[in-house]
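Keeping the supplied structure of chain Y fixed, place chain X upon it in accordance with the hints.
So the sequence lines, in the order shown, correspond to chains Y and X.
The numbering used here applies: residue 1 is where the first sequence begins, and numbers increase by one.
The numbering used here applies: residue 1 is where the second sequence begins, and numbers increase by one.
By construction, these hints were calculated from the structure, which means they are not laboratory data.
Be aware that a few hints might be false.
Said to hold, decoys possible - Calculated Cβ distances over 12 Å to all of chain Y for the following chain X residues:
| hint | residue |
| --- | --- |
| 1 | P35 |
| 2 | D104 |
| 3 | R109 |
| 4 | D147 |
| 5 | R152 |
| 6 | R165 |
| 7 | T173 |
| 8 | D180 |
| 9 | P182 |
| 10 | T187 |
| 11 | Q190 |
What the hints assert, rightly or not - So the derived label-pair ranges between C-beta atoms look like this:
| hint | chain 1 | residue 1 | chain 2 | residue 2 | range |
| --- | --- | --- | --- | --- | --- |
| 12 | Y | I47 | X | R11 | 47 to 55 Å |
| 13 | X | R152 | Y | A199 | 53 to 61 Å |
| 14 | X | G114 | Y | R214 | 28 to 36 Å |
| 15 | Y | G36 | X | R109 | 51 to 59 Å |
| 16 | Y | L100 | X | A98 | 32 to 40 Å |
| 17 | Y | L152 | X | S145 | 24 to 32 Å |
| 18 | X | D59 | Y | R214 | 19 to 27 Å |
| 19 | X | R159 | Y | G16 | 36 to 44 Å |
| 20 | X | G92 | Y | R218 | 25 to 33 Å |
| 21 | Y | L108 | X | G13 | 45 to 53 Å |
All C-beta atoms in this analysis are idealised placements derived from N, C-alpha and C, irrespective of residue type, glycine included.
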Amino acid sequence: MIALLTRDLRLATRAGGGFGLGLAFFLIVIVLVPFGVGPDAAVLARIAPGSLWVAALLAALLSLDRIFALDHEDGSLSLLATAPLPLESVVLAKAAAHWLTTGVPLTLAAPALGFLLHLEGAAYAPLFLGLLLGTPSLSLIGTFGAALTVGLRRGGLLMSLLVLPLYVPTLIFGAEAARRGAAGLDVTVPLMLLGAISAAALAALPFASAYALRVNLR
Amino acid sequence: MLRVLDLACGRGGAMLVSGVSFSVPTGESLILRGPNGVGKTTLLRTLAGLQPLLAGSVDCPTEQSAYASHADGVKSQLSVAENLEFWAQVYGVTGIAAALRSFDLDDLRGRMAGTLSAGQKRRLGLARLAVIGRKVLFLDEPTVSLDDASVRLFNVFLRDVHLSRGGIAVIATHIDLGLDAPTLDLTAFQASADALGGRDAMFI
Numbered sequence: 001m002i003a004l005l006t007r008d009l010r011l012a013t014r015a016g017g018g019f020g021l022g023l024a025f026f027l028i029v030i031v032l033v034p035f036g037v038g039p040d041a042a043v044l045a046r047i048a049p050g051s052l053w054v055a056a057l058l059a060a061l062l063s064l065d066r067i068f069a070l071d072h073e074d075g076s077l078s079l080l081a082t083a084p085l086p087l088e089s090v091v092l093a094k095a096a097a098h099w100l101t102t103g104v105p106l107t108l109a110a111p112a113l114g115f116l117l118h119l120e121g122a123a124y125a126p127l128f129l130g131l132l133l134g135t136p137s138l139s140l141i142g143t144f145g146a147a148l149t150v151g152l153r154r155g156g157l158l159m160s161l162l163v164l165p166l167y168v169p170t171l172i173f174g175a176e177a178a179r180r181g182a183a184g185l186d187v188t189v190p191l192m193l194l195g196a197i198s199a200a201a202l203a204a205l206p207f208a209s210a211y212a213l214r215v216n217l218r
Numbered sequence: 001m002l003r004v005l006d007l008a009c010g011r012g013g014a015m016l017v018s019g020v021s022f023s024v025p026t027g028e029s030l031i032l033r034g035p036n037g038v039g040k041t042t043l044l045r046t047l048a049g050l051q052p053l054l055a056g057s058v059d060c061p062t063e064q065s066a067y068a069s070h071a072d073g074v075k076s077q078l079s080v081a082e083n084l085e086f087w088a089q090v091y092g093v094t095g096i097a098a099a100l101r102s103f104d105l106d107d108l109r110g111r112m113a114g115t116l117s118a119g120q121k122r123r124l125g126l127a128r129l130a131v132i133g134r135k136v137l138f139l140d141e142p143t144v145s146l147d148d149a150s151v152r153l154f155n156v157f158l159r160d161v162h163l164s165r166g167g168i169a170v171i172a173t174h175i176d177l178g179l180d181a182p183t184l185d186l187t188a189f190q191a192s193a194d195a196l197g198g199r200d201a202m203f204i
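Bound-form chain Y, shown alone (with noise of 0.2 Å):
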């Protein structure tokens, strides 16, 4: 299992990889907002929290398809699901990969786009702690999802609409978290709850993943 998440780690940062690609895309859109709303600080700061969070979750969607899609393709996908490693060891490597690839960077940057926006000095705390709680769900979701589309043509597409419903009770909880944060109330509620879809998400997703994938590589 580290083996395959050191070989997906050395992959992603080589070239083509795609390494640094959602946190490019989540840079990009949190520029953008700006822009589009207008530069009143107040509006701004007002949907910061939201924006930063929508933002996170288009840019961990950008990367899912490769997940499974690459290693399909090349035909690694089959030979690793007769290998001694568990296929539910499989996807949870490949989810763990995506999270240090992906949901850790953004959730790095998140602090310094959030600047960005005129948020709130006290939402910094709770916008990082979502983070790094949500985006763990964030992968493991959306390596059900890439599970569930492998082998499709356009999948990825179709895996966007699967798997961005499934994104919402961490959306609003993480936004809500920083939300709060900037009002100056109580954040705990929302955080332990982000805890525990992530830790749902832990404990539940590998197998349906796994599943998914022996259906598919029939």
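Chain X alone, transformed into the frame defined by chain Y:
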């Protein structure tokens, strides 16, 4: 010992072959033949556990089997040695030197796999089998795009390394490999189109 009894398998909702029975004793190989689409790949995928059996039984130590498909599973962004080391780690074995030597890849070990020719890539795919050292091999067209010299390398590996150490191999191929092995023609086991009682039965 690999024993297959009255096996039926299919793909995409259609049964392709049925009533296949054979056994391969330790240290021997079996060659599958038959025209395109007769079900050679499906049979191999079923034996490897990628597809469910529709009927019959397979007596095979699955924890000792390995499958090699048309596609090599080679990552073009990794070097030859990195590709092999990855599979060695996944299978929990060490040492890729012998495999590199068997398939004459020593000079290419640092090259990115994306820059290899089709035949060299195939040799890398076959070297994976030498690295992981599994007892039962299911090989699908292993010698496609190989030149004569490379086919000989493959034969030497199969005969002197794999089979002589008590391995088993089932090989689907169209060309004569020059192996002294029994042949099974799948044409005789072709299933009739409605063998499943109509196409709907597969979806229930």
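Query raised in the report: Which numbered conditions among the earlier hints are violated in the structure presented, ordered from lowest to highest?
Result: Of the numbered hints given earlier, the structure breaks none, since each of them holds.
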